[in-house]
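J.: Taken in order, these protein sequences are the chains called A and B.
Just so you know, we're using the numbering used here here: the first sequence kicks off at 1 and counts up by one.
Just so you know, we're using the numbering used here here: the second sequence kicks off at 1 and counts up by one.
No incorrect hints appear here.
With a straight-line cut-off of 30 Å between C-alpha atoms, the simulated DSSO-like cross-links for lysine-lysine are:
#: 1; chain 1: A; residue 1: Lys-209; chain 2: B; residue 2: Lys-19
#: 2; chain 1: A; residue 1: Lys-202; chain 2: B; residue 2: Lys-59
#: 3; chain 1: B; residue 1: Lys-36; chain 2: B; residue 2: Lys-109
#: 4; chain 1: A; residue 1: Lys-202; chain 2: B; residue 2: Lys-26
From the structure, some residues in chain B lie toward chain A, with a derived Cβ separation under 10 Å:
#: 5; residue: Pro-20
#: 6; residue: Tyr-32
#: 7; residue: Val-69
#: 8; residue: Tyr-70
#: 9; residue: Ala-71
#: 10; residue: Gly-74
#: 11; residue: Phe-103
#: 12; residue: Ile-104
#: 13; residue: Gln-106
#: 14; residue: Leu-107
#: 15; residue: Met-110
#: 16; residue: Met-111
#: 17; residue: Arg-114
Far from chain A by the CB rule (all over 10 Å, computed), these chain B residues:
#: 18; residue: Asp-39
#: 19; residue: Asp-40
#: 20; residue: Arg-41
#: 21; residue: Ala-51
#: 22; residue: Asp-52
#: 23; residue: Val-54
#: 24; residue: Asn-55
#: 25; residue: Gly-81
#: 26; residue: Arg-88
#: 27; residue: Glu-91
#: 28; residue: Leu-92
#: 29; residue: Ser-112
#: 30; residue: Val-115
#: 31; residue: Gly-118
#: 32; residue: Lys-120
#: 33; residue: Arg-123
Keep in mind that the hints were calculated from the coordinates and are not lab data.
Every residue, glycine too, gets a C-beta built ideally from N, C-alpha and C.
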Amino acid sequence: MRHIKFIFTLMASAILLASCNMQKPATRGETFEHFYAEKPLSILVMPPVNQTTNVEAKEYFYATMHRPLANKGYYTIPPFIAAEILQMEGAYDTEIFMEQSLEAFGTVFQADLVLFPIIHKWKKIGALGEILIDLQFIFRDVNTGETVFSRYGEFRYQANTAQSGNIFVWLFSNVVSAAITDYVPVSRQCVEYLVSDLPYGKYHLEFAKDANLRVLYGEQFRMNF
Amino acid sequence: MRKITGILILTALMSSCAKPMYYWGKYDDAVYSHQKNLDDRSAKRLIAAYADVVNNAKKGQRGVPPPGVYADYGFFLIQQGREKQGERMLELEMQTYPESAFFIQQLLKMMSDRVEDGKKASR
Numbered sequence: 001m002r003h004i005k006f007i008f009t010l011m012a013s014a015i016l017l018a019s020c021n022m023q024k025p026a027t028r029g030e031t032f033e034h035f036y037a038e039k040p041l042s043i044l045v046m047p048p049v050n051q052t053t054n055v056e057a058k059e060y061f062y063a064t065m066h067r068p069l070a071n072k073g074y075y076t077i078p079p080f081i082a083a084e085i086l087q088m089e090g091a092y093d094t095e096i097f098m099e100q101s102l103e104a105f106g107t108v109f110q111a112d113l114v115l116f117p118i119i120h121k122w123k124k125i126g127a128l129g130e131i132l133i134d135l136q137f138i139f140r141d142v143n144t145g146e147t148v149f150s151r152y153g154e155f156r157y158q159a160n161t162a163q164s165g166n167i168f169v170w171l172f173s174n175v176v177s178a179a180i181t182d183y184v185p186v187s188r189q190c191v192e193y194l195v196s197d198l199p200y201g202k203y204h205l206e207f208a209k210d211a212n213l214r215v216l217y218g219e220q221f222r223m224n225f
Numbered sequence: 001m002r003k004i005t006g007i008l009i010l011t012a013l014m015s016s017c018a019k020p021m022y023y024w025g026k027y028d029d030a031v032y033s034h035q036k037n038l039d040d041r042s043a044k045r046l047i048a049a050y051a052d053v054v055n056n057a058k059k060g061q062r063g064v065p066p067p068g069v070y071a072d073y074g075f076f077l078i079q080q081g082r083e084k085q086g087e088r089m090l091e092l093e094m095q096t097y098p099e100s101a102f103f104i105q106q107l108l109k110m111m112s113d114r115v116e117d118g119k120k121a122s123r
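One chain only, chain B, in its complex shape:
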């Protein structure tokens, strides 16, 4: 009887210690804050939240950041002029989640088209 009780307690303890699927940190709050404010301060807070999720990804069961985090992180870094770092993040999203490759390439094309259009307009 004691053995069974011990096993039950151990199982309950183990299940309560189970890792969550992904580490999210302050993702939701930072996304909400930036959607609401759309300013530099909220953008910096969002980038810090992404960096935290990427750096602590091993805390999650899958050991990788949740879907979309590398991608949105990369997108913001590019917007802030940190192209190389941003492109690296987009690459990581495509490697981790191959289904993202198509729309990320679409996004990069749209962004480069916009830059080209801007150049043409300023000539």
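Next comes chain A alone, as it looks inside the complex:
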């Protein structure tokens, strides 16, 4: 009996020790140091760099990036005015500015951050409306040019996961829903995952009150939806 008690105590201690060693996810304050120190407000969202063969992917994402960022409390430079000014300045090609100084953007837009979105993958699988999307966000400080945050999301979207007792009904409904999928909300959902735990900006009621919240994802993560 004594032996059993001893083994039990030993096992309980081991479990406790193991749980103490498990790292807690980092806080927003630790992950987004620059955001809490500099309190950026305005963000210039660049037209996405599209590394895929789907030409429409660029429009899907450029149309859906402002809303999630604005909902987090940031001011996003309006997309059509931004595109007009960038074109007037001969600066519509995002790739050119990926590694260059961003001072010119500070002079023209007075933005605090520039967001460079890169679409690495947009791949449809089969006829059932499954899509693999890889999207990366790189936030750079306009004044220093420093990358202040980068995150890479690998997404798997299934058009219709509704179950049916009849395999043919299920197959047919999936093929139909795949054909009529609206990719605007799908793209927005990817963006929302990427910025979901970004610190709140000035226009959000929780601005500067969220540094102790835990971050939801790392620099690279996978998500099925």
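Chain A is fixed; fit chain B onto it per the hints.
T.: The following block gives chain B in isolation, referenced to the frame of chain A:
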């Protein structure tokens, strides 16, 4: 126990009824459609979407249109020859979001320079 359950249900109901930060209407779809098509039809659809967002702004928690909506709306109205209405929208953007004042003034200057250059070229 009943009281606690009641409070919990009420809290859940209240949180589910919480207003979103901004009213967006069909903003994303209209922006996508115009970026893709760049024609009169998509421009009209976009202007209607902006008008809807501006008119229903009170449905959002902040009670104002989201950042950039007044500005892009004004920009399109000016392009369509509705200068006064467009300039009013740009003013509203600058009042609602003061950080926009700088680039809006830059845009207005660039646009007036372009008009002047066009006039000079046609002389």
